[in-house]
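Peer 1: This is what each chain is made of:
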Amino acid sequence: MIEAQSLCKSYGNFIAVDDLSFSVEPGQVLGFLGPNGAGKSTTMKMLTGFLTPSSGTALINGIDVTENSVAALHHIGYLPEGAPSYGEMTVQQFLTFVARARLIETRLLADSVARAIGKLNLAAVKHQPIETLSKGFKRRVGLAQAIIHDPQILILDEPTDGLDPNQKYEVRRLIQEMAQDKIIVISTHILEEVEAVCNRVMIISDGRLLADDTPRGLISRSRYHNAVSMVVAGAEKVASILSELPEVAKAELRDGELTLFPAQENGLFEAITAAISRHQWEVASLRLEAGRLDEVFRSITRSEATSC
Amino acid sequence: MLNIMRRELTGYFATPVAYVFLVIFLVMTGIFSFYLGSFYERGFADLDPFFRFHPWLYLFLVPAISMRLWAEERRSGTIELLFTLPLTTLDAVLGKFLAAWVFIGLALVLTMPMWITVNYLGSPDNGVILAGYLGSWLMAGGFLAIGSCMSALTRNQVVAFILAVVICFLFLLSGLPMVMNLFKGWASQVILDGIAGLSFFKHFADISKGVIDLRDLIYFVLVIGFWLFANVVILELKKAE
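Chains as they are written, first to last, in numbering that gives the first Met the number 0: chain A, 0 to 307; chain B, 0 to 240.
Keep in mind that the hints were calculated from the coordinates and are not lab data. There's no promise every hint is true.
[What the hints assert, rightly or not] In silico SDA-like links for lysine to any residue, alpha-carbon gap of 25 Å or less:
| id | chain 1 | residue 1 | chain 2 | residue 2 |
| --- | --- | --- | --- | --- |
| 1 | B | Lys-183 | B | Phe-200 |
| 2 | A | Lys-236 | A | Ser-219 |
| 3 | A | Lys-134 | B | Arg-154 |
| 4 | A | Lys-118 | A | Gly-135 |
| 5 | B | Lys-238 | A | Thr-51 |
| 6 | B | Lys-237 | A | Thr-65 |
| 7 | B | Lys-237 | A | Ala-15 |
| 8 | B | Lys-237 | A | His-73 |
| 9 | A | Lys-181 | A | Asn-198 |
| 10 | A | Lys-236 | A | Met-177 |
| 11 | B | Lys-237 | A | Thr-51 |
| 12 | A | Lys-137 | B | Asn-2 |
| 13 | A | Lys-118 | A | Gln-175 |
| 14 | B | Lys-201 | B | Trp-136 |
| 15 | A | Lys-137 | B | Leu-8 |
With these hints in hand, go ahead and build the complete structure from the sequences.
Peer 2: The following block contains the structure:
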């Protein structure tokens, strides 16, 4: 369990993280979402004891990182931002070094290295120096290093940055696989990733917590939530007719697609399908919107920026 | 700590650093003792001309080894990886220092042909030679501890190198008249003795004469201990910068 207790970090007058408190339970995959420079990495560095908080602290399974970081770090696997590693070492050497530092017993050493290599598909390059590898491989070496001791808590700073779509898919699958009994904290600025792997999202901007919700909960904050989008012949006319319906709050036409926003919680889709069959419109596509995370993200982080 | 030491040592040999250093060290010790030290012309079967130039050689070669110890970790970001492994700062500092020290020890061992040569040419006092090696290695440790500490101050290896050379130079010269004259006249005798006592030269010269005085050994141990302690403190204070 991770408990962050009013974490603050300031550099001179600049406040990087401002009074952040939260706790994460096993089984949760928490995504830190925020614009660049929002304080995501700084928070992760404080959770792992690499940065000392200006005030506040974090407990890792009950151990205070600011007081006993070595004991706390035994519970954590950490992928630092940019996945740094020793370039002159081969993948195998590097992972063996980390496994030893993680105090894995000598007789289990080879097994745990082989398992990490297998999980991240690194077998083909295990004897190559890391500096000769592509960005995607380096990132996977960083991930292998983080999971080598099968930690209960995984903190991953931008785990899929620099990976191609297939590799991203693989890494997300790996995260989901491990998620059951672990605590996983990832930071990202890729919105689809949050929807794909996280069951909890914290939006951070300017070091402050702006939203803490499930991805579904966040999406339902969207003004597109339960809206209906359609492509239809004679869209202007259709729009003016549909705007008259009591279920429709507003109609918007953009790039040939007509979006109708609901006036109340339910009933919009049914009302529109009824109207379509009544008027015999030629509809090319029709869908019910779940909501758009990017729009929620923008509205939350931007309204914050303008209010300052 | 042993794990870090092993990683560092293999790291030296995975890059050209080790080979370049070893070759230059051997060539330079050779040049210094044969040309500047008049190894043959003196007609004595000892290694004094060999050891005499070690302080000057170390002044530039040891900072060249030590400059990357921490500056490189900072530049490449691996310092974050290292300090989020369950290790203490002391473990990391000692591991890195010992690896570099063992490496320099290896360079010294490779100068063995010098020792074989004097034994072939005459019958030297091998005890004195052994003491010379010990003194030389201890002095290298002192330089190394200074260099490691300076390397922790910056992410720029060139800055680390220059800082280390300057501090090592001060430690070398503190016993020479050039420096002592600056203090003479206004500083008390106790301070003068203190400054003179800090010199690497004097303690190295004592040991390499074959007189292994406990005080000289303690001096080097204290110098190494002090700078490594400062190294730990600096890293604790500014790990992430």
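Peer 1: Each of the hints needs a verdict: does it hold here or not?
Peer 2: Cross-check of the supplied hints:
In summary, the hint linking Lys-183/B to Phe-200/B is supported, as the alpha carbons are separated by about 19 Å, within the 25 Å threshold. A distance of roughly 29 Å separates the Cα atoms of Lys-236/A and Ser-219/A; the hinted pair therefore is violated under the 25 Å criterion. Simply put, Lys-134/A and Arg-154/B have alpha-carbon atoms about 23 Å apart, close enough for the 25 Å limit, and the pair holds. Simply put, Lys-118/A and Gly-135/A have alpha-carbon atoms about 15 Å apart, close enough for the 25 Å limit, and the pair holds.
Note on Lys-238/B and Thr-51/A: the hinted pairing holds, with a Cα-Cα distance of about 9 Å set against a maximum of 25 Å. For the given pair, Lys-237/B sits about 15 Å from Thr-65/A by alpha-carbon distance, which is consistent with the 25 Å threshold. At most 25 Å may separate the alpha-carbon atoms for a hinted pair to count; Lys-237/B and Ala-15/A meet this at roughly 17 Å. As the CA atoms of Lys-237/B and His-73/A are separated by approximately 23 Å, the hinted pair is consistent with the 25 Å bound.
Only pairs whose Cα atoms come within 25 Å are accepted, and Lys-181/A paired with Asn-198/A is accepted, the gap being roughly 13 Å. The straight-line distance between the Cα atoms of Lys-236/A and Met-177/A is roughly 52 Å, outside the 25 Å bound, and the hint therefore fails. Straight-line distance between C-alpha atoms of Lys-237/B and Thr-51/A comes to about 10 Å, which keeps the hinted pair within the 25 Å bound. The straight-line distance between the Cα atoms of Lys-137/A and Asn-2/B is roughly 22 Å, inside the 25 Å bound, and the hint therefore holds.
With a C-alpha separation of about 13 Å, the suggested pairing of Lys-118/A with Gln-175/A holds against the 25 Å cut-off. For the given pair, Lys-201/B sits about 15 Å from Trp-136/B by alpha-carbon distance, which is consistent with the 25 Å threshold. Pair hint Lys-137/A plus Leu-8/B holds up; C-alpha atoms about 23 Å apart against a cutoff of 25 Å.
Of the hints listed earlier, those the structure fails to meet are numbers 2 and 10, in rising order.
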